[in-house]
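Enquirer: The primary structure of each chain is shown beneath.
Number of protein chains: 2
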Amino acid sequence: MARNSPCRPLGRIALAVSALGFILAAFELPSAAAPPDGVLGLMPVPESVTVREGRFRVDDGLAIGGPGPATSRAFRAAARFMSRLAGRTGLFFKQDFLAAQDPARQNGIRYAYDRAGELLPNEDESYSLTVEPGRVALTAKTDIGVLRGLETLLQLLSADEAGPYIPCVAIADKPRFTWRGLLIDAGRHFHPVDVIKRNLDAMAAVKMNVLHWHLTEDQGFRVESKVFPKLHQLGSDGMFYTQAQIREVVDYAAERAIRVMPEFDIPGHSTSWFVAYPQYSSAPGSYAIERKFGVFGPAFNPADERVYPFFDAFFKEMAALFPDPYLHIGGDEVEGHQWEANPAIQAFKKQNGLADNNALQAYFNKRLLKILTKHGKKMVGWDEIFQPDLPKDIVIHSWRGPKSLIEAAQRGYQGILSNGYYIDLCQTAEFHYLNDPLPQDSPLGDREKALVLGGEATMWSELVTPETIDSRVWPRTAAIAERLWSPAAVRDVDDMYRRLGLVSIELEELGLLHLKNVDMLLRRLLGRPDIHALKVLTQAVEPLEGYKRHGQATYTSLSPLTRFVDACAPESLQARAFGKKVDRFLAGRDPQLAAELRTTMTAWKDNHALVLPALAASPALREIEPLSMGLARACGAGLEALTILMKGEGRPAAWAEELAKVLADAAQPAAHAELVVVAPISKLVKACAGEGQ
Amino acid sequence: MARNSPCRPLGRIALAVSALGFILAAFELPSAAAPPDGVLGLMPVPESVTVREGRFRVDDGLAIGGPGPATSRAFRAAARFMSRLAGRTGLFFKQDFLAAQDPARQNGIRYAYDRAGELLPNEDESYSLTVEPGRVALTAKTDIGVLRGLETLLQLLSADEAGPYIPCVAIADKPRFTWRGLLIDAGRHFHPVDVIKRNLDAMAAVKMNVLHWHLTEDQGFRVESKVFPKLHQLGSDGMFYTQAQIREVVDYAAERAIRVMPEFDIPGHSTSWFVAYPQYSSAPGSYAIERKFGVFGPAFNPADERVYPFFDAFFKEMAALFPDPYLHIGGDEVEGHQWEANPAIQAFKKQNGLADNNALQAYFNKRLLKILTKHGKKMVGWDEIFQPDLPKDIVIHSWRGPKSLIEAAQRGYQGILSNGYYIDLCQTAEFHYLNDPLPQDSPLGDREKALVLGGEATMWSELVTPETIDSRVWPRTAAIAERLWSPAAVRDVDDMYRRLGLVSIELEELGLLHLKNVDMLLRRLLGRPDIHALKVLTQAVEPLEGYKRHGQATYTSLSPLTRFVDACAPESLQARAFGKKVDRFLAGRDPQLAAELRTTMTAWKDNHALVLPALAASPALREIEPLSMGLARACGAGLEALTILMKGEGRPAAWAEELAKVLADAAQPAAHAELVVVAPISKLVKACAGEGQ
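In the order they appear, the protein sequences are chains A and B. Each residue of the first sequence is one higher than the one before, counting from 2 in my numbering. Each residue of the second sequence is one higher than the one before, counting from 2 in my numbering.
In short, the hints are calculated from the structure, not lab data. For each residue, glycine too, the CB sits at the ideal point set by N, CA and C. Treat the hints with care, as some may be off.
Which chain B residues face chain A? A few, computed with CB under 8 Å, are given here [what the hints assert, rightly or not]: (1) G88; (2) P165; (3) I506; (4) E510; (5) K517; (6) R524; (7) G528; (8) R529; (9) L559; (10) S560; (11) S619; (12) A621.
Model the full structure from these sequences, guided by the hints.
Expert: Spelled out as structure tokens, the structure:
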């Protein structure tokens, strides 16, 4: 039985959500000696949180249970909860949490729900959580709500001198958007089942509910087809999911109340299909799996009547394999050259009054829509599929900008947003976090707003492998998950970052490699364990943002993604913290902050000497010399500036020009990456211009 | 095309194998500035190595190829080789190494073999490898030899100022033993397919060739049976391998030329079977999956005639699922209580003249043998199955000691050794390394020796989960792999450890978690990223050896294995290096060594103050306070002793007694672990007794 601390109810101090953000932000990142109260670590932030006095003690007598058999989805989720709780606390729980629950007991953690939830948009995912000193009550309309609430409960875990506890709270929570997705592109690089599973676990931890599985691309056809086995046999280099594996993933996701929506990207992005079936392409010739990245010519031939029975049989098979009512047909970036060059297609366009390639693709989509409808699926597609005469149950997936989402809603179509959530581009969590599917200035009315179902983070995989994908997805995607779950008013960026650091560590227990593979990648490059200096350098470096990295080399799907740039996080939280500290210092010239900046910059400056032996040992590391030297030089400039600023002395303009040159040099990309701390250091140098004049 | 450095042949300097060990040992661990020549990193050491002058340059023009289509096992292995080579060098190879090879080209890496190897004991795994400046030739009797040679070639990768290269060598190599196995116990803790796969990759990297898959235990029945589905449905908590997954693993292993031998442990160790089929046990009543560990009563009833048709149908199904000709029936540790207590069994024994339980089990085994033979399988079992009237194609698996192996061979039976290779017991790599299936003083004649097929490392899983299993298996199992592959004379322990550190890092590229999960485990316990002090403490600490840890708490299969002890490596290489340094210092009082020991002990002593905030933050870490404080105190004593030794001063006996008490306290187990650096520190203190007297 759980021992509990005595409780003096404070009454209900309801914290408005925006107030919660404010209060959270007021806390400094607690020191190692003071473990944070779990309420301060919640992510996504719940709709409403009432903090009470008292603590629910967690000890080895803790038991959990609710209605239904031990094989129910809710109890299996409870078992995973107990296992993770044991993992964090080291407690040997007495309950056999895999097989036994005692529905009669009233203490411990009790959950209840009215019905099993369905894996459909707009299903009820709400829950209420009441933690009292003697008991925890988690109630929901559906078992899905119970699953969401268990994740909140786990994040509440706290500790004091007496041991682990859960703070007394009352939480009422529900999602703002019903479609909170992560796209994983298994086409450009294949990601085996274990990668998908651990990312599903992570999605569940931040309450996401749609895995958008991008399964076919120019670079690979990734699903076993029993109807057309040549598709995966010839189109995948042997890297595909068997149907048994697909079912395994779908079941695994369903256990976590996550939908799995497959994408078969057609009519473009389809080279790998034509390795087996060149006859369905729009140009003659044999095809090989594409190794490069970009937008390629091969496209299905909408004018060839044989194409439709092929898709009919194919989608019949896939419709049975994937239970989700939605099926994504891609439809993006049809390059058009093959269509232009094919006289039969041009004749077909004329014959059918199809003015341009857009009209031709619209024709193709309408034929496809019939096929999908026949097999019980609703169509989802990228921006390009949008055309006014489609039925109203299709979903427009906006990748080019919010405009198409607005237009679709205004015309009565449902939409989901991915523009602004392209996590492959190595942008900041802040950028994604502030990108709202329904911003405050949205021109849409309430009814139209209801058509905006949510959004999806998109993990395009040109530059990620199973070794690096987790670090490209997490923890930044947790910020997107919060945007899609939490109330619109929750948008305190600094507080989001504070919690992101905590959640990032919590996610590791699910098997994610986002933190630990940094060391692994560096060890492999160095061939020995002493990677400290390299790791220090990663603090100041990020991969080139946007599509800039693609411009640095001709990447193919066989290129190694094992270099220093791949070990660097898309966003360095240390660099961000440094930049924030520079801003605070410049605002007030606090000597304590100056001392801290001096310590950091001195360590970075001195690091170059420690990096040099690594460069000698490893040819693969030699490309980072400009980064390491640039950091040392930039920090030299920064330290000089700091001294000047603290003394209040002036310097001639030539001095500033000299340093500006050093900093401009240091800011140059190298090894497909860049030093992101040059910008804040430049602020220090620029600030000197105003000194002593 | 690969650029190559000019070559001046040195003639052939054949290094005898024992000489190689000596020469290798003469090299100090190279500094980070001087990358080691790959020849010095080979593990297992080949049968013969001839080092020549010259370097084969590795650049992006490197191509690999040989006979057979790109879908052959050898070329697929070559593709993995190229991918790993790209990963280590960062090179963007121009060859499409997944799909295309050019059998006509003569430069680059060329492999050749006479025939596809079979996955059977005594298959030819030999290979010859000739590296010249212009080309690499790898030839073998079978494609299996090519696979083994590719692993050697990858280990040869070296670097100099001009970039990566492979040193010119001629290697002729073949295994000493034909059975080089790793047992993974998926019964006591389930280990999903990805765990098995990454361990198969690691096995292949050190040339092991048998996965012994322990699939049933009191704690779980881990295989889907379509004939008796209740077995996995009721006996596994939902944690079992589907037959599709089994086939996936078998295929994956075969791709790496590794046999998969399943074990179904009967008639004891079988509680989980009886959850579904209590009628086949030897005592009435319903059964639940066992959660505790140990030797339990439930056993199949050899006197019940219904048992044999059940096994007939079951093994028919399993024989078809697992292609290996050998099937392991366990047979160990039949506790006997159920048999003693069952009057029908006692009557049966009398009736059939079975003097005791051993005779009863022998009867059972003979019935089983018929069933296995009928389904085309040869029987393997633990020591206990050995009885004189069995056919000569069975294999005795020795776990209790080398005696049974010797006896079996003397009577004409084949055997494999696991006694001395129990890697779950957290013993040293040295201990396992020097444990030889055929020691120099073996009483066996040559013909009998040929019956000793090899050995298996056994990863029993009472105290390991998918998070920690890799660190319990690797890198120590590489030492066992060398014992089983390399010539008997290769037994330089220090040199083995030097190479073990290199191989450990190489293994990471295969997805193993043995190094990187240390940090993960510590981060979870602390809930934050600043784990440095905890990691320093792990250098001095090892889990309790042997079965001592089991005595510290009642572990069950649901207990968390996420504590500090689980983050500690079974053998701390830093602690070993420290102990070696103490020995070297005591032998010569070298002031440089004294200074190094002082630095290390000062860091360990000061670490306690850094650990304290972590203890405050995390209740789960508080148990390590005695270890951290003990390390500080022991190092305090060690530093004092070091000062005395350097000054040559004496101290009264009371002083030594006082310190001995401090050290004895520090040596006490805590948190299921112990400080392994107390022993070398004690040597320093004891040495003071001889000073200044």
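Enquirer: Now, for every hint given, state plainly whether the structure supports it.
Expert: Structure-based check of each hint:
For B:G88, the shortest C-beta to C-beta distance to chain A is roughly 4 Å, which falls under 8 Å, so the interface hint holds. Interface restraint check for B:P165: the shortest CB-CB distance to chain A comes to about 5 Å, inside 8 Å, so the restraint holds. Interface restraint check for B:I506: the shortest CB-CB distance to chain A comes to about 5 Å, inside 8 Å, so the restraint holds. Below 8 Å, beta-carbon pairs count as interface contacts, and B:E510 has one with chain A at about 5 Å; its hint therefore holds.
For B:K517, the shortest C-beta to C-beta distance to chain A is roughly 4 Å, which falls under 8 Å, so the interface hint holds. Using the Cβ-Cβ criterion of 8 Å, the hint placing B:R524 at the interface with chain A is satisfied: the shortest such distance is roughly 5 Å. Interface restraint check for B:G528: the shortest CB-CB distance to chain A comes to about 6 Å, inside 8 Å, so the restraint holds. Given the 8 Å rule on beta carbons, the hint for B:R529 holds: about 6 Å separates it from the nearest Cβ of chain A.
Hint status for B:L559: holds, given a least beta-carbon distance of 7 Å to chain A, under 8 Å. Taking 8 Å as the C-beta contact cut-off toward chain A, the hint placing B:S560 at the interface holds, the least distance being around 5 Å. Satisfaction of the interface hint for B:S619 is found here, the shortest Cβ-Cβ separation to chain A being roughly 6 Å, below the 8 Å cut-off. Interface hint status for B:A621: upheld, as the beta-carbon distance to the closest one in chain A is roughly 4 Å, under 8 Å.
Of the numbered hints listed earlier, not one is contradicted by the structure.
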